[in-house]
Amino acid sequence: MSNKIVSIHDLKREFKMGVEIVRALKGVSFDVEPGEFVTIMGSSGSGKTTMLNILGCLDKPSDGTYLLDGVDVGKLSRNELAVLRNHKIGFVFQAYNLLARTSALENVELPLLYNSSISSRTRHERAVKALEAVKLGDRLDHLPNQLSGGQQQRVAIARALVNEPVMILADEATGNLDTRTSYEIMALFQELNQQQGKTIVFVTHEPDIAAFSSRTITLKDGKVVKDTKNTQVRSAKEMLAALPVAADY
Amino acid sequence: MKLFNLIRIALKALQRNKLRAFLTMLGIIIGVASVIAMVAIGQGSKQSIQDQLSSMGSNMITIRPNSNQTVGGGARLDATGLQSLTLDDIKAIQKQATYITAVSPAVQAKGQAINGALNWPTTIQGVSPDYLTIRNWPLKDGITFTQEHVNKADKVCLIGQTVVENIFGSEDPVGKIIRFNKIPFKVIGVLGEKGENAFGQDQDDIIIAPYTTVQKRILAIPYIQNIYASAIDEKSSAQATAEITDILRTSHKLKAIDDDDFLVRTQAELINTFSSTSQLLTVLLAAIAGISLVVGGIGIMNIMYVSVTERTKEIGLRMSIGAQGTDILFQFLIEAILISITGGIIGVILGITASRLVTLFLSWPTLVSQSSIMLSFMVCAITGVFFGYYPAQKASRLDPIEALRYE
Numbered sequence: 001m002s003n004k005i006v007s008i009h010d011l012k013r014e015f016k017m018g019v020e021i022v023r024a025l026k027g028v029s030f031d032v033e034p035g036e037f038v039t040i041m042g043s044s045g046s047g048k049t050t051m052l053n054i055l056g057c058l059d060k061p062s063d064g065t066y067l068l069d070g071v072d073v074g075k076l077s078r079n080e081l082a083v084l085r086n087h088k089i090g091f092v093f094q095a096y097n098l099l100a101r102t103s104a105l106e107n108v109e110l111p112l113l114y115n116s117s118i119s120s121r122t123r124h125e126r127a128v129k130a131l132e133a134v135k136l137g138d139r140l141d142h143l144p145n146q147l148s149g150g151q152q153q154r155v156a157i158a159r160a161l162v163n164e165p166v167m168i169l170a171d172e173a174t175g176n177l178d179t180r181t182s183y184e185i186m187a188l189f190q191e192l193n194q195q196q197g198k199t200i201v202f203v204t205h206e207p208d209i210a211a212f213s214s215r216t217i218t219l220k221d222g223k224v225v226k227d228t229k230n231t232q233v234r235s236a237k238e239m240l241a242a243l244p245v246a247a248d249y
Numbered sequence: 001m002k003l004f005n006l007i008r009i010a011l012k013a014l015q016r017n018k019l020r021a022f023l024t025m026l027g028i029i030i031g032v033a034s035v036i037a038m039v040a041i042g043q044g045s046k047q048s049i050q051d052q053l054s055s056m057g058s059n060m061i062t063i064r065p066n067s068n069q070t071v072g073g074g075a076r077l078d079a080t081g082l083q084s085l086t087l088d089d090i091k092a093i094q095k096q097a098t099y100i101t102a103v104s105p106a107v108q109a110k111g112q113a114i115n116g117a118l119n120w121p122t123t124i125q126g127v128s129p130d131y132l133t134i135r136n137w138p139l140k141d142g143i144t145f146t147q148e149h150v151n152k153a154d155k156v157c158l159i160g161q162t163v164v165e166n167i168f169g170s171e172d173p174v175g176k177i178i179r180f181n182k183i184p185f186k187v188i189g190v191l192g193e194k195g196e197n198a199f200g201q202d203q204d205d206i207i208i209a210p211y212t213t214v215q216k217r218i219l220a221i222p223y224i225q226n227i228y229a230s231a232i233d234e235k236s237s238a239q240a241t242a243e244i245t246d247i248l249r250t251s252h253k254l255k256a257i258d259d260d261d262f263l264v265r266t267q268a269e270l271i272n273t274f275s276s277t278s279q280l281l282t283v284l285l286a287a288i289a290g291i292s293l294v295v296g297g298i299g300i301m302n303i304m305y306v307s308v309t310e311r312t313k314e315i316g317l318r319m320s321i322g323a324q325g326t327d328i329l330f331q332f333l334i335e336a337i338l339i340s341i342t343g344g345i346i347g348v349i350l351g352i353t354a355s356r357l358v359t360l361f362l363s364w365p366t367l368v369s370q371s372s373i374m375l376s377f378m379v380c381a382i383t384g385v386f387f388g389y390y391p392a393q394k395a396s397r398l399d400p401i402e403a404l405r406y407e
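Chains R and F, in that order, give the protein sequences. First residue of the first sequence? That's 1 in the UniProt record's numbering, and the numbers climb one at a time after it. First residue of the second sequence? That's 1 in the UniProt record's numbering, and the numbers climb one at a time after it.
Chain F on its own, in the form it takes in the complex (with noise of 0.2 Å):
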């Protein structure tokens, strides 16, 4: 009851001054809406870098050779030279291996696909059936390969979307015959869009067909260049990762001394890097637009210590009909309280409504977060009662003769 008339006078008190308890609210406004804002674009660059590096497959495992061996007079070579993967490595960590669900192996070829009239510079990836789980690419149109096609090294295909629309245009490619340096494939499905990866690769450029037939018609090599792997889930890719070198370890016959001819690197190691850095980015923001917090909570600080000043004689009134000390402080507190968490209001509203603006206007993805409304939200309710303590004690403490004769 008592309370609750205090926040009666404070409200009243406000209300008489109206404009001066907006423009201290401004501080507080501005404060909590560019620490919602910032914090937005920090988390919003995040969770995009973060979505696409998951679409290439977020439990994905790569193994590729190390191109720091060295062969015969000492000369390095590129990595797709290298044979030290082979088929008989996919066979054991098929049978071995205890993190990882899927693995393919991995040929790729550069050359022209043509069809009729019309032909695109492209990439051949031979793969088995496995790969499109492990990228987790859906198929948009047709059906995948099989294991029989791959077994018969059958020249079938599944073309990417970049690939369709240069050498199909709007014409249905599923059942066509397209020519891929010169040897003929069926278009059996067509590959859903996957858009830029996070470097910029165009991944919809290019055509998916069975290793055997990439490996024997367009390569002719027994070895391969690469494996794909996919763990269980994101956080068993450290283990995936141990547990697929020492199979490769015992299967390339190293001895202990020998460094490892391959390579894993795991999709989960990326995002991390990736992310730490956009981390850094969220925190900077954010330390930068909590100091507008803080300033605007001085602001509150300054215009209550000019206000109690200004109403010493309404205290000395107050304080003659019978309102405590306690009264008083509670009075100019929760007028303190009331300018923050106001302002915190609007600047919450302001903050996503300035992030959305952003999305908007400049495409930068945001992502407002709960965390951060809640943060600045508690932070500007204490700087109301830390900032306002002070100048509401001092209000308290006034000698009610003295604050009546105050002129």
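The shape of chain R in the complex, shown without the other chains (with noise of 0.2 Å):
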């Protein structure tokens, strides 16, 4: 086995609407090596929410294979799915996904809750650590309408973050956001990536985005037709301190 996070061969999903099969992905390969930072980029119809879902273990491929830190999704039942999401992979949504009327805190306990084998002290030291990482840790009993965009999309991260996963899988997480916070949560994202060494795969439709991260792949059709190490890596921590100071901030 190798020590790749992620290792993409010959995968296919097709989906049968009705009588005719529609193809979303027609044989994608790829590996993602630990303390990347890949953006998966390509517009509606490339294949690119489904590429996120087989990331995700939300879906499995019709053929090929995909492996998880090792492990052969493809072979997985859906229970066995459930336990390698919480085991191996952290979410963050576009659209935050909070629980409503629930402390920040117990949002990012939530994953732990469903692993039996963490103890509710372990539970709570980590939620802490975790909202700490995001700096939040001085909002942990704030509900999520108390909080600002940003900050709910940093409760989310820290939930992502709690169960010590093996990649981080983003979805749009800065489309419900605007420019200043985005490049709020992108320098953490980088800082993550960069000090922590976590693995982070980015789908994003906005090259902007892209421009942070250290290796793109882009689909076309179900295909990959561009995958390039991005030598020039913004830094949107510079980024940030370059903007002009809103008038209203």
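Simulated from the structure, these hints should not be mistaken for lab results. Mixed in with the good hints there might be a few duds.
To be verified - Derived coverage of chain F by chain R (criterion: at least 3 residues anywhere in the stretch with Cβ under 8 Å from a Cβ of chain R; other residues may be distant):
(1) 323 to 331
(2) 392 to 405
Said to hold, decoys possible - Over the 10 Å line for every Cβ pair with chain F, so calculated as not near, a few chain R residues:
(3) Val22
(4) Arg101
(5) Glu106
(6) Ser148
(7) Glu172
(8) Gln232
No residue lacks a Cβ here, since even glycine has one placed at the ideal position from N, Cα and C.
Once you've looked at the hints, go ahead and assemble the two chains, each given alone in its own frame, into the complex.
Here's what the structure looks like:
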């Protein structure tokens, strides 16, 4: 077995829509090494969403192989996939998907509640640590509606970190945020990637965001059309500092 | 550990929607409370009828002449006028019966009781000393008469509370002489209060005297009107009845084809008749209340279905961070069970309170039985599982991808 986080070989995914067969992915191959920050780009209809679902173990390939941290996802049952998601993946969604009327701390604790090997003390400690890592250590008891969009997304990132996943999977994680907050969030992702060595796969359609990653994979019509290493990674922190201070800020 | 976590998750989900949880619970609360209160009212009335009947002496057997007997030219006579029961019958029963502990003859006369200037129309009952045992009737004051008094036909008597109130007032009656139909009786004892019987008759409006005294000095008759007997216990009433029938048929020299010229009635028969009526009442009330419990259960199912649809995105999120289908199933099932059990507990408390209030304000007797609490509690727990299962299953079978995209 390799030490690769993701190893995808000739992956295909087909859907039956009535009598028609829609081929969303037509033989995709790529690997993700530990510590990489990969963006997957593509316009709508490129198979980007299908790729994300398979990467996130929410869906299984019709053909080809997908190894996540050495585990062949295609052979797992529904329940085994759930356990795999719980142990190895941290999701960050565009719409945050926090539980309403539930404190930041309890939102972050949630993934650990589905892992029965973790005691309630460990759960609490790790949730606090994760919230501190996203600089929300002073907002543990705040409810989502008491937090700004950027803060809510940071709670969501803390939730993705708390189970110590092998890969953080972000789906248009800055899609709902303004430019400044987007940069803040990207700065946080870069920090997690560069300082803590977290592997991040970021699905987006914005080239602007892709510039912050170390590698960009572009999908088109269900195939990889471009897979380039980014030699000049932009620093979100510097971009943030360069932003003019807004009058209403 | 995992179950504990799931209970935590379910509790938090309920906390986030307190009002909805409470409204769902309301159906169960009303259902359980009404079952308990209704059954309590039904059981209470049954119990109070039983108590009244047993206050007459629950083992008591009454034997009276059969008024269907014709005498002379075919005219039917009133039971008190019939002379088919005699003291020989008493002796026969005393000698032969094995299921009978005590037996007493009885003769009655109506008349006027007089003490000084006060008078009161009442009944004198002539009996043997065993009568008070048979009737389970304690003395409040003084002493009872003995076989000696019976043998000598002494003019002594025991008087009931109503008679005491009407001709003595606050005076102590023991040792005083009263007159009944102009015959002087010495009051040697006062009977304890017995209240009204199940038919509304005042059982305390009575004077009790030796049967010989009433037979010879008031009625001037040699026969007896009734026989009272006491069976060993309530269960042997039927055997006792059969035995008495045999003894009396022999004693009356009846042929096999002849009808009985007497009637044997047990208290147990009466109790059964009344109990079955109020049992029916209880069942009816419980059925009505049970329907409301089912309606409450359907309410849970309805809300849980709505809740699953409304929380589709939440379910998608939970699945994406690692909740298995069974985790979701149990979460929703536990939510339903928590709602129904909490509703059940509140319902039990409310039902008991309602029963107390009914007794307090309407003075209806109520009896909250443990079995009705247990039953309604179990029914509502089962309701929770039953009506919560399908919505929970629906939730657990959602596809995480679609659930996450649900708006």
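To see whether the hints hold, each was checked on the structure:
| no. | hint | verdict |
| --- | --- | --- |
| 1 | 323 to 331 | holds (count 5) |
| 2 | 392 to 405 | holds (count 3) |
| 3 | Val22 | 15 Å, holds |
| 4 | Arg101 | 4 Å, violated |
| 5 | Glu106 | 7 Å, violated |
| 6 | Ser148 | 20 Å, holds |
| 7 | Glu172 | 12 Å, holds |
| 8 | Gln232 | 34 Å, holds |
Checked against the numbered hints given earlier, the structure breaks hints 4 and 5 and satisfies all the rest.
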